[in-house]
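Chemist: Here is how the chains run, residue by residue.
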Amino acid sequence: MAIPELKERWAGRINPVTIGATRAGGGTRGRTITVGGQMGIPYLDFDGQTPNPPVIALDVLDQAPADWPAPLAEVYRDVWSDPAAWAVRAKQLGADLINLRLVSTHPDEGDRSPAEAAATVRAVLEAVDLPLIIWGCDVPAKDQMVMPKVAEAAQGENCLLGAVTEGDYRTLAAAAQAYGHKLIALAPCDINKQKQVNILVSDTGFPLEDVVIYPTTAALGYGMEYVYSILERGRLAALAGDRLMAQPVILDVGYEAWRTKEARSGDEVAATWGKAAQRGPAWEAVTAADLLQGGADILVMRHPAAVEAVRKLTRDLVGESAMAAAG
Amino acid sequence: MALTGLEIYKHLPKTNCKDCGFPTCLAFAMKVATKQVALEKCTHITAAGAAALESASRPPIQLVVIGAGEAEVKIGNETQLYRHEEKFHRPTAVAVRISDALDEAAQAGRAEAIRKLVFERVGMQIRANLAAVDNESGDAARFEKAAKLASEKSGRAVVLISAKAANLRRAAAALSGQRPLLFITDPTEAEAAARIAKDEKCPLAIRAGGVEALAEVAPKVAAAGVEEIVLDPGTRCVKATLDALTKIRRAALKNFRALGYPTVALTSAVDPTMQAVEASTYVAKYAGIVVTDAIEPWQILPVLTTRQDIYTDPQKPVAVEPRLYEVGGVSAESPVLVTTNFSLSYYSVEGEVEASRVPAYILAVDTEGTSVLTAWASDKFNAESITKALKKSDIEKRLSHRKLVLPGFVAVLSAGVEDESGWSVMIGPKEASGLPNFLKKQWVA
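Protein chains in written order, with the numbering used here: chain A, 51 to 377; chain B, 166 to 610.
To be clear, the hints were calculated from the coordinates, so they are not data collected in a lab. Just so you know, not all the hints are guaranteed correct.
Claimed, not checked - Below, in silico cross-link-like pairs of lysine-lysine (BS3-like), each with a Cα-Cα straight-line distance of 25 angstroms or less:
no. : chain 1 : residue 1 : chain 2 : residue 2
1   : B       : Lys318    : B       : Lys568
2   : B       : Lys545    : A       : Lys243
3   : B       : Lys605    : A       : Lys311
4   : B       : Lys200    : B       : Lys183
5   : B       : Lys281    : A       : Lys311
6   : B       : Lys196    : B       : Lys179
7   : B       : Lys252    : B       : Lys310
8   : A       : Lys57     : B       : Lys196
9   : B       : Lys318    : B       : Lys366
10  : B       : Lys313    : B       : Lys329
11  : B       : Lys385    : B       : Lys366
12  : B       : Lys568    : B       : Lys605
13  : B       : Lys310    : B       : Lys329
14  : B       : Lys419    : A       : Lys192
15  : B       : Lys175    : A       : Lys57
16  : B       : Lys206    : B       : Lys179
17  : B       : Lys363    : B       : Lys385
18  : B       : Lys239    : B       : Lys366
19  : B       : Lys545    : B       : Lys595
20  : B       : Lys329    : B       : Lys385
21  : B       : Lys329    : B       : Lys175
22  : A       : Lys57     : B       : Lys419
23  : B       : Lys329    : B       : Lys366
24  : B       : Lys568    : B       : Lys557
25  : B       : Lys252    : B       : Lys239
26  : B       : Lys605    : B       : Lys595
27  : A       : Lys311    : B       : Lys595
28  : B       : Lys545    : B       : Lys568
29  : B       : Lys281    : B       : Lys318
30  : A       : Lys362    : B       : Lys404
31  : B       : Lys281    : A       : Lys325
32  : B       : Lys481    : A       : Lys243
33  : A       : Lys311    : B       : Lys606
34  : B       : Lys239    : B       : Lys196
35  : B       : Lys313    : B       : Lys363
36  : B       : Lys481    : B       : Lys200
Claimed, not checked - Pulled from the structure, derived: some chain A residues nowhere near chain B, Cβ distances all over 12 angstroms:
no. : residue
37  : Arg81
38  : Met89
39  : Leu111
40  : Thr322
All C-beta atoms, glycine included, are put in the ideal place defined by N, C-alpha and C.
Produce the complete structure using the sequences and hints provided.
Modeler: Written out as structure tokens, the structure is:
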């Protein structure tokens, strides 16, 4: 019996966005990373190509984290007081990009100066040749001082800088444009707000083709389905031709997954939930795997076992040949 | 697929004879469309018209019932590709595999482990639903014995997987009345297996090499008298399986009858974490049943949680009853923690209070099931609603103090709540995870 036509007719595609710059591109990175470019529902070749696999960025904090549970501490404790050494570890663990969080610039967390933050960024750039994602401390007044200095210190490296919001976008957008970086546009789980942020950014003269969007993230069992449906709706809008939703997506999987009771609890709950050493990474990996089906391009992660599982998954989903083509 | 009144009207006699009790055929059709009256009330409809209506009103994906009594599981009857359109209705049945090639003790061990795969999450019990007995040995007697053992020790409905129809007959007969899902893995045996499924009144899962092949085999099985069919496209890697599951769902929702059945997907990964990742991917993307070797709680819990998340009704936040709750042995000095009646908010707080071992009252304010920040933004979580919940709870009489603990994210409400209620307000942590520390170190009655 002849099966009816099952491919949807899509009018749009996700923008391809490249992060990082090699010497040829005016930077010092060993390679660049390109995400996006999809022409159909995630990973369905019959529906539309997935030219670039989803990529994994590993978290690096600019100071030792106070509350990371044992399975993470075991992996990073010996390097986490030195962001450069931590970045080297992240590269060894298979990161495609470094996700640098300048948490110590927070007024309550050390209040480090813009100059110190810039020095941290330079140290990380020298320590590893991977492309960088750089976040401030999420206090707009402070980020407005720190991020321009950081953008300047990383001039030409084509980093991905986060994040502009509806209420706070001018300074960061100007800095990204002035020093040749890409931008993350944040709107928590709201497609209309996301479009609004994108319009505001675009109105400053920053090209929408250089934007990655961040709808925030929720862990498995903690509202994951809200984000999942926002991702699906966003992707359907983009494929239907909406240029304001055609940006690749970044998700903060590691941070959210490792906040959950299921990942954080130790072996005192082993009798009902299993050992912490396997449970936490599985929670992070499954959170990532589920959200990949909604439609995601950059996953920020933490545990190497979760990274390994998600890497195997994305290799299978995209197909080895596409992975090889991507380098 | 639900028919409209006009679509039904086309197949009626259009005589307005009123025998059905309605003034016109159109009025009757409208009532049938909303399921307020049965089509049978029209005694003049032609056989062809009735058949056309019956087939058109059949759901695009067949309902399949596996197991009986407490162990019963229903899959199918889905209507959407994307959950934001309308909720997914029948959660994926999670089946854990038991090979009959294992020795008897190992089989029993796995079946007992399946029985224990039950978890409590946000007030709901979630569990692995099926024990999938795989006739890996190829031996009929061994298969029959394994089927009985699995059913008895797991307490779950059973999937019987075999390449041989004759072996399925024997095991199915042994589980007579328990309505196991028969799963024939050799496509050339599908029609023989269909006769057994018909005789034993069991649903039947069939495997064929790809979606096109399934569309050839399924109608033959249906023609042999089996209505409840489950489709296995025979793929063994994530990409190909995802592709097939999506094609089958899309075809079914286009009313392509040959593929109008729920699906079964088998995980192929050897790595234990990958098994959980693979199973969860299929749960998110349309599988009616997932069969997996994963059996450890740390593997199954994320799969079942994925199912719980994905099958949540997106139009209806999961809420708890708005009222006062007690955790632990509360006394007149116990704290009163205020949160919303959004289930995730409430259960996060409850879980942390339990973990802290500090007895406490939790006041779940009626915010129509929205979270703390959402409810605050939409003015459902404010001084008035909190005070109202407080008065209604009548907790005043049971306490020696007049102190409320508000979530840190809504510290801005504290002055208003103090004015409105006359109680004093303490600002709690922003995240529930900060509660144990807060209760032990900062709370004083």
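Chemist: Between B/Lys313 and B/Lys363, is the straight-line Cα distance small enough, at 25 angstroms or below?
Modeler: holds, 21 angstroms
Chemist: Taking only the CA atoms, is the gap from B/Lys481 to A/Lys243 under or equal to 25 angstroms?
Modeler: Distance of about 22 angstroms is within 25 angstroms: holds.
Chemist: Measure nothing beyond the straight line between the CA atoms of B/Lys318 and B/Lys366; if it is 25 angstroms or shorter, mark the hint as holding.
Modeler: Holds, at about 23 angstroms.
Chemist: Between B/Lys385 and B/Lys366, is the straight-line Cα distance small enough, at 25 angstroms or below?
Modeler: With Cα atoms ~17 angstroms apart, B/Lys385 and B/Lys366 stay inside 25 angstroms; holds.
Chemist: Sort out whether B/Lys200 lies within 25 angstroms of B/Lys481, counting only the CA atoms.
Modeler: holds, 24 angstroms
Chemist: Does B/Lys175 pair with A/Lys57 here, judged by a C-alpha cut-off of 25 angstroms?
Modeler: violated, 32 angstroms
Chemist: Hey, does A/Leu111 actually stay past 12 angstroms from chain B on C-beta?
Modeler: holds, 18 angstroms
Chemist: Given the hint that B/Lys545 pairs with B/Lys595, test it: the Cα-Cα distance must not exceed 25 angstroms.
Modeler: Since the Cα atoms of B/Lys545 and B/Lys595 sit roughly 18 angstroms apart, the hinted pair holds (cutoff 25 angstroms).
Chemist: Can we confirm that no CB of chain B comes within 12 angstroms of the CB of A/Thr322?
Modeler: violated, 6 angstroms
Chemist: Decide, holds or violated, for the assertion that all CB atoms of chain B are farther than 12 angstroms from the CB of A/Met89.
Modeler: For A/Met89, whose nearest Cβ neighbour in chain B is about 15 angstroms away, the distance exceeds 12 angstroms, so it holds.
Chemist: For a C-alpha distance cap of 25 angstroms, please report whether B/Lys545 and B/Lys568 respect it.
Modeler: Distance ~21 angstroms between B/Lys545 and B/Lys568 Cα, so the pair holds.
Chemist: With a cut-off of 25 angstroms on the C-alpha distance, tell me whether B/Lys239 and B/Lys366 pass.
Modeler: holds, 15 angstroms
In this structure, the earlier hints numbered 1, 7, 8, 14, 15, 21, 34 and 40 are contradicted, and the remaining ones agree with it.
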